[in-house]
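Visitor: Chain by chain, the residues:
Protein chains: 2
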Amino acid sequence: MQGSVRDRGIGIFDSGVGGLTVLKEIRKLLPGEDLFYLGDTARVPYGNRSRDTIIKYSVQNTGFLIEQGIKLLVVACNTSSSVALQTLRHRFTDLPIIGVIEPGSEQAVRNTASRRIGVIGTRATVTSESYRTAINRFDKDIKVFQQACPLFVPFVEEGMHTSALARGMAEHYLAPLKRHGIDTVILGCTHYPALSPVIKKVMGSKVRLINSGQAVAAKAYEYLFSHDLLKNTGDTSHRPPAPGDMRFFVTDDPLQFKRIGRLLLSLDIDSNIHKVVLEDHEYA
Amino acid sequence: MQGSVRDRGIGIFDSGVGGLTVLKEIRKLLPGEDLFYLGDTARVPYGNRSRDTIIKYSVQNTGFLIEQGIKLLVVACNTSSSVALQTLRHRFTDLPIIGVIEPGSEQAVRNTASRRIGVIGTRATVTSESYRTAINRFDKDIKVFQQACPLFVPFVEEGMHTSALARGMAEHYLAPLKRHGIDTVILGCTHYPALSPVIKKVMGSKVRLINSGQAVAAKAYEYLFSHDLLKNTGDTSHRPPAPGDMRFFVTDDPLQFKRIGRLLLSLDIDSNIHKVVLEDHEYA
Numbered sequence: 607m608q609g610s611v612r613d614r615g616i617g618i619f620d621s622g623v624g625g626l627t628v629l630k631e632i633r634k635l636l637p638g639e640d641l642f643y644l645g646d647t648a649r650v651p652y653g654n655r656s657r658d659t660i661i662k663y664s665v666q667n668t669g670f671l672i673e674q675g676i677k678l679l680v681v682a683c684n685t686s687s688s689v690a691l692q693t694l695r696h697r698f699t700d701l702p703i704i705g706v707i708e709p710g711s712e713q714a715v716r717n718t719a720s721r722r723i724g725v726i727g728t729r730a731t732v733t734s735e736s737y738r739t740a741i742n743r744f745d746k747d748i749k750v751f752q753q754a755c756p757l758f759v760p761f762v763e764e765g766m767h768t769s770a771l772a773r774g775m776a777e778h779y780l781a782p783l784k785r786h787g788i789d790t791v792i793l794g795c796t797h798y799p800a801l802s803p804v805i806k807k808v809m810g811s812k813v814r815l816i817n818s819g820q821a822v823a824a825k826a827y828e829y830l831f832s833h834d835l836l837k838n839t840g841d842t843s844h845r846p847p848a849p850g851d852m853r854f855f856v857t858d859d860p861l862q863f864k865r866i867g868r869l870l871l872s873l874d875i876d877s878n879i880h881k882v883v884l885e886d887h888e889y890a
Numbered sequence: 607m608q609g610s611v612r613d614r615g616i617g618i619f620d621s622g623v624g625g626l627t628v629l630k631e632i633r634k635l636l637p638g639e640d641l642f643y644l645g646d647t648a649r650v651p652y653g654n655r656s657r658d659t660i661i662k663y664s665v666q667n668t669g670f671l672i673e674q675g676i677k678l679l680v681v682a683c684n685t686s687s688s689v690a691l692q693t694l695r696h697r698f699t700d701l702p703i704i705g706v707i708e709p710g711s712e713q714a715v716r717n718t719a720s721r722r723i724g725v726i727g728t729r730a731t732v733t734s735e736s737y738r739t740a741i742n743r744f745d746k747d748i749k750v751f752q753q754a755c756p757l758f759v760p761f762v763e764e765g766m767h768t769s770a771l772a773r774g775m776a777e778h779y780l781a782p783l784k785r786h787g788i789d790t791v792i793l794g795c796t797h798y799p800a801l802s803p804v805i806k807k808v809m810g811s812k813v814r815l816i817n818s819g820q821a822v823a824a825k826a827y828e829y830l831f832s833h834d835l836l837k838n839t840g841d842t843s844h845r846p847p848a849p850g851d852m853r854f855f856v857t858d859d860p861l862q863f864k865r866i867g868r869l870l871l872s873l874d875i876d877s878n879i880h881k882v883v884l885e886d887h888e889y890a
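Chains as they are written, first to last, in our numbering: chain U, 607 to 890; chain B, 607 to 890.
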């Protein structure tokens, strides 16, 4: 029985395409695992929707991924992670679930010496205060400075994230943060790792950027290792594991997903994308 | 009977908030008319959706506005105008319907001396070729040069449309257009009038910008006047008409709508916004 659980995949869902940066980090750390990615592109963005709606969508997404056969779920969507994680853990008690907010917050808390952390994200993420709450749960005396950067996502999705204009945009948004003596910045949106080089230049080499995707991947590895759930554990041949499968599911036309996916992953994923309908499913 | 039709309002729908620039122009030209605006903010953007879905949404929107009591419908959404206008005219035969594509195209054709017209819009609008088709229906020998400017909408929605960065962005997108000797540019997206000053500076004073909203307002005036359907026509007092009512309906949380609406309209519309649900309605 345990053997068959090991052979299951890792499920990852996001409201859209941004979570692919999380998948990318998981793939690096766990190349032999099968990965199932669901992008709810028909209902993106979740940020402006009501609590109940976000929970309903998150439950549907989780149910769909369970049907694919998974041993671990990663909620790569910031909005779902802050609103729906508790409910998901209650409803799907047998399934280990990792969100994007806690792992990044924990890493930032461990890293900061000045005890002043910056958080950048979409307007919805910043307004939700979820990173501030998570950071202060680890250490209530750390000061958190937040900045919404609403144009960063469209810059990335248009492939303009390495342009001179992106540099100007980063300077515009980050100027207020630079005055606060922070030494750590959480990239609180799954699109932002693509802007890392530009953000680094603007913030300076002494400020460390925390990529939530990397922190999530480390948590996933740690969980699977400590529970003896890594795939191919029985293989004692010392050969590198065969690359796991990657399957992508979207709820709307895959065209945009392909275009932006190629940008974020530097991978051609066209042949593995499937369109699915979630509304008809009801998960108890 | 005719009297009561005169007293009805003008219905305007868009997938989101952009159509408010059309409403603004109608308000200027027809200040005494009652205006009902529906922004389908829960299902925006229409651009990536299938034909059938766009038609279904457009029919629901029209049905809802008819229930408010209207004598004229303006489809202020570029996507609905190119995909659903024919169906709407077939289904609602008694209702005069004006889209955003034809009036702007007609004005551009009348204006051009070089017989070379530029069209800027979202990626979906440009891909649909609807402006090119409409222009060449008026005059098949006119050359049309299109350019998608996907970052213009987020720039406007973030209130950054007068910034130095917006100027850089406009130069980036419009450089290819400037090489073609065009003398007329259609602002083929309802958000773009907010960027007119920047676009003018980049294109130069010899190029005329066509604001589709103004062209639509002119068409609406012309229709109501020629059919004797203007409100207060019976009033011979020569006083300016009392300002008509304006009511705004949205399908999602009104917060973003209020913020961007204030930007686009320079009007505080908070007290007149109502949230509605369209999915339950079925219109034959």
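Just so you know, these hints were derived from the structure itself, not from any lab. All C-beta atoms in this analysis are idealised placements derived from N, C-alpha and C, irrespective of residue type, glycine included. Treat the hints with care, as some may be off.
Residues of chain B clear of chain U, computed beta-carbon distances all greater than 10 Å [as the list claims (entries may be wrong)]:
(1) L635
(2) R655
(3) H696
(4) R721
(5) P756
(6) P760
(7) M766
(8) L771
(9) G774
(10) M775
(11) S843
(12) I875
A partial selection of chain U residues facing chain B, derived with a Cβ cut-off under 7 Å [stated by the list, open to error]:
(13) E631
(14) P651
(15) A754
(16) P756
(17) L757
(18) E764
(19) T768
(20) L771
Visitor: Next step is simple, just say for each hint if it's right about the structure.
Guide: Against the structure, the hints:
no. : hint : in the structure
1   : L635 : holds, 33 Å
2   : R655 : violated, 7 Å
3   : H696 : holds, 26 Å
4   : R721 : holds, 32 Å
5   : P756 : violated, 5 Å
6   : P760 : violated, 4 Å
7   : M766 : violated, 7 Å
8   : L771 : violated, 5 Å
9   : G774 : violated, 5 Å
10  : M775 : violated, 6 Å
11  : S843 : holds, 47 Å
12  : I875 : holds, 18 Å
13  : E631 : violated, 27 Å
14  : P651 : violated, 10 Å
15  : A754 : violated, 10 Å
16  : P756 : holds, 5 Å
17  : L757 : holds, 6 Å
18  : E764 : holds, 5 Å
19  : T768 : violated, 13 Å
20  : L771 : holds, 5 Å
Against the hints set out earlier in the document, violations occur for numbers 2, 5, 6, 7, 8, 9, 10, 13, 14, 15, 19.
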